[in-house]
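J.: Here the protein sequences come in this chain order: A and B.
So for the first sequence, my numbering puts the first residue at 1; every next one is plus one.
So for the second sequence, my numbering puts the first residue at 480; every next one is plus one.
By construction, these hints were calculated from the structure, which means they are not laboratory data.
Every residue gets a Cβ at the ideal spot worked out from N, C-alpha and C, and that includes glycine.
Take these hints with a grain of salt, some might be off.
Which stretches of chain A does chain B cover? Using the computed rule of at least three CB atoms under 8 Å from a CB of chain B, they are [as the list claims (entries may be wrong)]:
#1 74 to 86
#2 110 to 121
#3 307 to 321
#4 451 to 460
Keeping only pairs whose Cα atoms sit at most 20 Å apart, straight-line, the calculated EDC-like set for lysine to aspartate or glutamate is [to be verified]:
#5 K195/A / E91/A
#6 K195/A / E184/A
#7 K141/A / E566/B
#8 K141/A / E185/A
#9 K590/B / D683/B
#10 K141/A / E482/B
Covered stretches of chain A, going by a simulated chain B footprint (3 or more residues, C-beta under 8 Å) [unchecked claim]:
#11 30 to 40
#12 173 to 180
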Amino acid sequence: MTMAGALICFPLIMAALATAVPSNRWRPWLLPVTATVHTALTLWVLARPDLAVSGRWLVLDPPGKLVLLVVSTLFLFCSFYCVGYLKYRQERSNRIFAACLLIFLGIMSLVTWAHHLGLMWVAIEATTLSTAPLIYFNRSKRSIEATWKYLLVGSVGIALALLGTFFLAYASVPSGLAPTLTFEELLHNAPLLSKPWLRAAFVLLLVGYGTKMGLAPMHTWKPDAYGEAPGVVGAIFAGGVTSCAFLAFLRIYHICMAAGEGPYLAPLLLLMGLLSMAVAGLFMIGQRDFKRMLAYSSVEHMGILMVGLGIGGPALFGTMLHTVTNGVTKGVLFLSAANIHRAYASKNTEQVRGAMRRLPLSGALFLAGFLAITGSPPFGPFISEFAILNGAFDGGQFWVAGLFLLFLLLVFIGMGQTVLNVLQGRAPLEVHNTPYHDGFLTAAPPLAFMSLVLLLGLYIPHPLRTLLNDAVQFLGSRP
Amino acid sequence: MLEMLNALLVIVLVLNLFALGTSRILSVIHIVATQGALLGVIPLLLHGRLSLPVVLAATAAIILKGMAIPAIMIRSLRAAQIKREVEPMIGLLPSVLLGAFATGFVLLFSKQLPLAGQQIDTLIVPASISTILVGFILLTTRFKALSQVLGYLVLENGIFIFGMLLVQAIPFIVEMGMFLDLFVGIFVISIITNHINQAFSSMDTRWLVSLREE
């Protein structure tokens with residue numbers, strides 16, 4: 001069996017197995033088992049470039065490798081957390097929860113391999129469907145509402161992305177070529193594609209996959225979904241689903257750049273990116289729900305990625321690095337926030353105070369995660385955000401750089417207020433009686449994420465640096 | 480062949496207007512099902528020579544859009560014990576007029592589109608775009624969860640029409656993947672609509688307002 005087949009099908013087979021396992025206690029252990037094998041296979045395929053092609057439609061290129069690495073690592077740590085989390089939720093069957101997570105892992109691998117844009121669309125839509133039951137895990141009125149909004153907004157967004165994909169295929173026809181959706185052919189013929197159809201396709205795909213990423217103003221489902229879903233699902237959304245959608249968007253970006261449409265794209269990307277950062281910053285100010293706050297942080301960081309693409313050339317290295325640093329930092333934040341939520345049985349800062357005393361480890365991780373995601377040294381996001389900012393200065397885009405810094409400051413202030421409210425002060429007496437305490441399975445995964453964030457800030461390992469450079473180079477290439 | 484194709488597309492456009500002007504949800508389900516089944520037939524007309532994948536894809540489309548999805552929706556409708564869309568955001572007649580206006584505008588505007596030779600005489604592109612717009616009108620002006628899902632299906636039908644221009648670009652397996660996604664999507668959505676109905680004793684999405692910024 002080929003590597004692509006193994007990475008995609010193994011989690012799907014394990015998902016089928018998960019539905020067959022009768023024990024609610026032992027079923028969650030399938031998650032770390034699958035994730036460990038998946039990560040091992042991922043590292044193997046990254047080390048052996050000859051394994052990275054399985055036929056014409058399944059090719060693992062450098063950006064695909066990067067996203068596969070991020071999501072596989074994220075899923076690995078989250079899978080151990082899931083075991084710890086689901087121990088507290090034994091009252092409820094986790095059959096669908098475990099199966100959907102495993103299906104998601106398989107489909108996500110398909111997104112990273114797909115070099116046929118139709119197939120990629122099918123995979124992205126399938127990630128929407130496989131993650132919807134995860135938001136609905138708590139079966140409350142609020143989670144129904146969040147799931148409904150997610151499904152409706154997400155499905156319409158993805159439907160527009162399908163229309164954009166069709167427009168892209170049609171862009172070949174006016175110049176007498178056969179319509180195609182294979183990535184290589186589109187890249188190869190990029191300069192011949194009909195401009196009006198290509199631009200229309202770009203806008204539709206920006207809106208469609210942008211909905212999935214959660215760019216403003218299509219982000220409305222995000223605070224609801226992240227707020228109501230279990231924290232570990234939030235981590236997988238904010239680091240995994242969004243990275244996959246970003247990869248899908250990179251494909252159309254790449255084709256448009258190859259077609260020489262850079263000057264048309266850049267203002268749109270900068271506008272969407274800066275708007276997302278501004279909207280996120282404004283909604284974070286005075287935010288009392290700390291899980292919704294994290295959702296807005298995700299909106300902000302998707303905006304940063306767009307700004308990075310909009311600046312282009314000198315900022316691309318930082319943008320690719322930011323997909324990695326954002327993914328792992330979101331792991332720290334969502335998992336530590338989930339622990340605080342569990343200990344207080346509330347996610348509102350009116351009830352949640354003094355988390356530093358009630359949960360010293362999770363509280364410290366939440367604080368460190370906050371400092372990291374807002375771009376403080378010496379953590380990973382500092383390096384990537386600084387690289388993007390440097391790119392803006394190098395490219396002479398001083399207005400962009402200025403607004404970028406202004407919105408980062410706005411986010412720092414808004415987010416800092418909520419985070420400090422959660423951590424400082426005296427915890428209400430009754431929360432000392434809730435059964436939750438930081439245990440190995442719930443505290444070690446965010447700690448592991450935090451070590452990665454710190455490592456990425458101090459030193460980018462050589463293989464990762466090579467992969468990032470390959471990805472940047474790939475984005476400028478045309479077969 | 481061309482007249483036949485255009486005639487079918489005109490029926491599709493007329494069905495759009497019927498869907499906009501009907502308040503009984505069951506009737507709208509039937510209208511959307513008829514539209515879906517008609518769309519399944521069109522690929523058979525477009526191909527001069529019928530091959531196995533084409534016939535299989537058409538059969539799958541007819542079964543899925545004409546039978547399976549409507550069956551799921553009728554089940555949810557029965558479970559919810561509702562009959563009609565009581566008070567759409569804009570009335571039925573205005574929404575028909577809006578839909579007709581959008582269709583007319585698209586038909587005129589499509590002359591300006593840079594289409595390749597053989598597609599200029601067919602109605603495929605304007606029919607696709609106006610069906611998508613009608614889907615949006617349904618989706619945004621109706622309040623019952625099921626009506627919104629029907630709007631989504633009309634939107635999807637519109638995109639499906641555009642896909643007919645691209646049979647070479649969409650391999651059989653990818654098309655099956657798209658159908659599978661649509662089926663699973665409607666299945667998951669109908670489960671959620673049933674839960675909305677149980678939890679809120681209504682399918683009115685105006686009840687879904689507890690999540691917002693304070």
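J.: Sort out which numbered hints this structure fails and list those numbers smallest first.
T.: Violated hints (numbers, rising): 1, 3, 4, 5, 7, 8, 9, 10, 11; every other hint is consistent with the structure.
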